Amino acid sequence: MVMQHGPGRPVPVVFTGTRRELAGLLLRGYALLLPTIGLYRFWLLTWKRRFYWSNTDIAGDNLEYTGNAMQLLVGFLIAVAVFLPLYAMVFYLSTQSNQAAIVGYGMIGVTLWFLAGYAIYRARDFRLSRTLWRGIRFDQTGNGWAYALRRFGWSLLLIATAGLAYPFMAASLWRYRYVHSWYGDLRFGFFGSWKQLALPFYLTYGAVLVVGGAGLGISMALGVSTDSLAEPRAYLPLVIAALLIGALALRYQARELSSMYSSVRLGGAVVTVTVSARALIWQYVLCGMALIAAFAVLAIGGLVVLGVLASEAFAGGGFDLEIFFRQMQGSLITLAAIIFGYLLMLGAFTLMTELFIGLGFWRLIATGASIAGIESLNVVRARGEDKALAGEGLADALNVGAY
Amino acid sequence: MTIVGRYYDGQSATVHTVALHYLAEYDSGTLLIGDAADGSEIARWAASDLYLVPGRRDEMRLAASGQPAGARVVVRGADTIARIRATLPVLGTKQRRETTRQRRLAVTATLALVAVIATYLYGVPLLASRIVGLVPPAWELRLGATVASQLQSSLGGLQICDPDPGSLANRALTRFGQAAMAESGSPFALDINIVRSDIPNAFALPGGQVFFLSALLDQAQSPDEFAGVLAHEIGHVAHRHGMEQLISSAGTGALIGFILGDMTGISVAAGLGSTIIDARFSRDAERQADAFAAQVAHRLEFDASGLVDLLNRVGEDDDFARALALLSTHPLTDDRKAALDRLGQDRPSGLEPPFTPAEWQAIKAMCGGALDQRGTPINVGATKTK
Ligand SMILES: [Zn+2]
Chain A
1 MVMQHGPGRP VPVVFTGTRR ELAGLLLRGY ALLLPTIGLY RFWLLTWKRR FYWSNTDIAG
61 DNLEYTGNAM QLLVGFLIAV AVFLPLYAMV FYLSTQSNQA AIVGYGMIGV TLWFLAGYAI
121 YRARDFRLSR TLWRGIRFDQ TGNGWAYALR RFGWSLLLIA TAGLAYPFMA ASLWRYRYVH
181 SWYGDLRFGF FGSWKQLALP FYLTYGAVLV VGGAGLGISM ALGVSTDSLA EPRAYLPLVI
241 AALLIGALAL RYQARELSSM YSSVRLGGAV VTVTVSARAL IWQYVLCGMA LIAAFAVLAI
301 GGLVVLGVLA SEAFAGGGFD LEIFFRQMQG SLITLAAIIF GYLLMLGAFT LMTELFIGLG
361 FWRLIATGAS IAGIESLNVV RARGEDKALA GEGLADALNV GAY
Chain B
1 MTIVGRYYDG QSATVHTVAL HYLAEYDSGT LLIGDAADGS EIARWAASDL YLVPGRRDEM
61 RLAASGQPAG ARVVVRGADT IARIRATLPV LGTKQRRETT RQRRLAVTAT LALVAVIATY
121 LYGVPLLASR IVGLVPPAWE LRLGATVASQ LQSSLGGLQI CDPDPGSLAN RALTRFGQAA
181 MAESGSPFAL DINIVRSDIP NAFALPGGQV FFLSALLDQA QSPDEFAGVL AHEIGHVAHR
241 HGMEQLISSA GTGALIGFIL GDMTGISVAA GLGSTIIDAR FSRDAERQAD AFAAQVAHRL
301 EFDASGLVDL LNRVGEDDDF ARALALLSTH PLTDDRKAAL DRLGQDRPSG LEPPFTPAEW
361 QAIKAMCGGA LDQRGTPINV GATKTK
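Line by line, the protein sequences give chains A and B. Counting from 1, position 300 in the first sequence corresponds to residue 300 in the working numbering; the numbering is continuous, with no gaps. Counting from 1, position 374 in the second sequence corresponds to residue 374 in the working numbering; the numbering is continuous, with no gaps.
I should point out that these hints are in silico values taken from the structure, not numbers from a laboratory. Certain hints may be false.
Estimated spans, in silico, between C-beta atoms of each pair [to be verified]:
(1) L164(A) / K94(B): 40 to 50 Å
(2) K94(B) / A100(A): 58 to 68 Å
(3) T17(B) / W145(A): 16 to 26 Å
(4) M289(A) / D334(B): 24 to 34 Å
(5) I339(A) / D335(B): 20 to 30 Å
(6) V14(A) / I42(B): 50 to 60 Å
(7) R20(A) / R101(B): 21 to 31 Å
(8) L32(A) / A82(B): 24 to 34 Å
Just so you have them, the derived chain A footprint on chain B, three or more residues with Cβ under 8 Å [what the hints assert, rightly or not]:
(9) 51-59
(10) 209-221
(11) 357-366
Treat the numbers as computed from the prediction; the structure is a model and nothing was measured. Glycine included, C-beta positions come from ideal geometry on N, C-alpha and C.
I would like the entire structure built from these sequences, with the hints used as guidance.
Right, dumping it as structure tokens:
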């Protein structure tokens, strides 16, 4: 029998995946997206999840993802059936007068926002019910529509209070998610409250207002003094303010993740998560640098291709727009180059965000976590089958599917 | 040497450290799962039931059919995994079979999508014209008014050259329009507007509005050319091409959203893609409008192929337009001219000309450009960079 850990001693969560392995997996998947006209994305997502799950090791046993691509494909088809009427509505509205169109778009936007809540909840259900640890399945009960309604109501309140209601909203939604989560026949508990979030949130809120106001003020003063809005120097304070606000938001996010995850209980097991704000911000900095490098490589490659396609336009050291257009005209190769270039850029962007932000978040939370009292879980027994076969199509279509 | 692994029974979260033994029989065998500490047997799985579950690179996860869904034997280490694979070749066979199954699924799904796209490409021009028949004319009229008001604001106001409907030129245009529409059975009343602009163009909006811009009129050297282009645009109205195109691009957007899996976002790719796909559809529409112009020329004395000459002259030195010809919606001019000549071959003789010389003179003069001032078009916005 395995019970090497002393009672109550916290065990760390270990993450064994490497960026290189994920990069190989993603690149292979992107390459297969082309011949399958995008349909391979369901298989790619499945592979990606297997990577994340199987490399997350809790007390010597790693997670297992049991979902498959077919389930995602079926879910997507269901989502298409939901979206076609909405799409027809959008089309009808686009032919109407401007006012009617704006009102209609607004209503559709609200509908989508509401549906997103449902989709997020169902997607979480899909992932949890396809996660095994020590041969026992996780699960989520509760009602997707109830969650959507709750989230929708809170967002209305959020708008009404200019964002000040956020800590209450966050704590309420975290609680709903976790008190409806299960490991086998054992229900999760959640002991977090808005009180843990209030102080960091309102401090961040104030700091964002100060930084944003200062950035706007200085930039306006510079713009006025140089008497020209095109002065690039006038935008510098705005850019700096935006970066600072981004860092503040990430700092808050690290705090929220740490305190909310640390409020999760599973029977006698107590989770403690410490996500370092500095490490989180660093992931974004890395991602930004990687994106700049990737786009620089693509730009150089693009120029070389253009030079080959329209070599005469570049002749004589200069660039002749007229010759350039003449050479471009009617060329199927050019069209292919435009489409391929666009796909390359899109691919570079998703690759970098996945490699740095996606993997960064997962790894920071996993390696920042430790679980005390895990031996109490030995008595957990399996629960009946889950019937959530519909996949997470809606989440897929609404673009809310994380991981 | 025994193989040590971890065993989950799929019913309780207890982990067992187990020693694995393989009991070979005639044509099958059994995996014996015993407690690593005291050797007592925990479970036995028939080798034919065993299959691999995807896991980490350095790890092998074994499951067996007939066992609880979560029951697993987990073994780590490359050497150990290689030994098990060698002992149980059935694992590799099943894994390959599963890979083949997934591959076949992906190929089938892709073929199905290709079929959908092909059906779409060939079906949409047909379908769009059917659907257009269902669109109430009042709706299309409203849409035309919306588009016209958007054009007004984007072009900085459309100034009609001669607002007096009773003028010689306008009466001639109205008469021409009525003659052109006579046999079309269109629910729309034609509204021909000659508008001041330095962009040489002419277009038809849904609902029956036709705009002929002064720069194009200034470049017309004969009534044939003018009447040809005008009849072509009236053809777009009669066939309700604006509405048809709108419906077809909406369908294209939906299809591309489906391919990209992004039903909500209106992405750049969708725009680009729909432009390319719609170009095919537009070419059919242009051919139909040309044929319409040729039909009108069977009732009035003019040569419809003049429209190609006028459009050619306008397009000649516009680099940007030629760059855009990449995604051009118009058929190749040579083919177009040949087709129009063919359609005009058995044109009856002794027809009435579309405009009297006095009327043609008046039309040319509508926007202030007299016949002798042909070389100097009026520049309203002076936006052309050439
Ligand atoms: Zn046309």
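Verification of the supplied hints:
Take L164(A) and K94(B): their Cβ atoms lie about 58 Å apart, and the range 40 to 50 Å is violated. A beta carbon spacing of about 59 Å between K94(B) and A100(A) agrees with the range 58 to 68 Å that was offered as a hint. Remark: the range hint 16 to 26 Å for T17(B) to W145(A) is contradicted by a beta-carbon distance near 45 Å. Distance hint check for M289(A) and D334(B): the Cβ-Cβ separation is about 53 Å, which falls outside the suggested range of 24 to 34 Å.
Judged by the Cβ atoms, the range 20 to 30 Å given for I339(A) and D335(B) holds: they are separated by roughly 26 Å. A hinted range of 50 to 60 Å is violated for the C-beta pair V14(A) and I42(B), which are about 26 Å apart. Checked against the given bound of 21 to 31 Å, the beta carbons of R20(A) and R101(B), roughly 29 Å apart, stay inside it. Evaluation of the 24 to 34 Å hint for L32(A) and A82(B) yields a pass: the beta carbon distance comes to about 28 Å.
Given as covered by chain A, the region 51-59 of chain B passes the check, having 6 residues with a CB less than 8 Å from a CB of that chain where 3 are the minimum. Beta-carbon proximity to chain A at under 8 Å applies to 0 residues in the region 209-221 of chain B; the threshold of 3 is not reached and the given coverage is violated. Chain A is given as covering the region 357-366 of chain B, and this is violated because 0 residues of the stretch bring a CB closer than 8 Å to a CB of that chain, at least three being needed.
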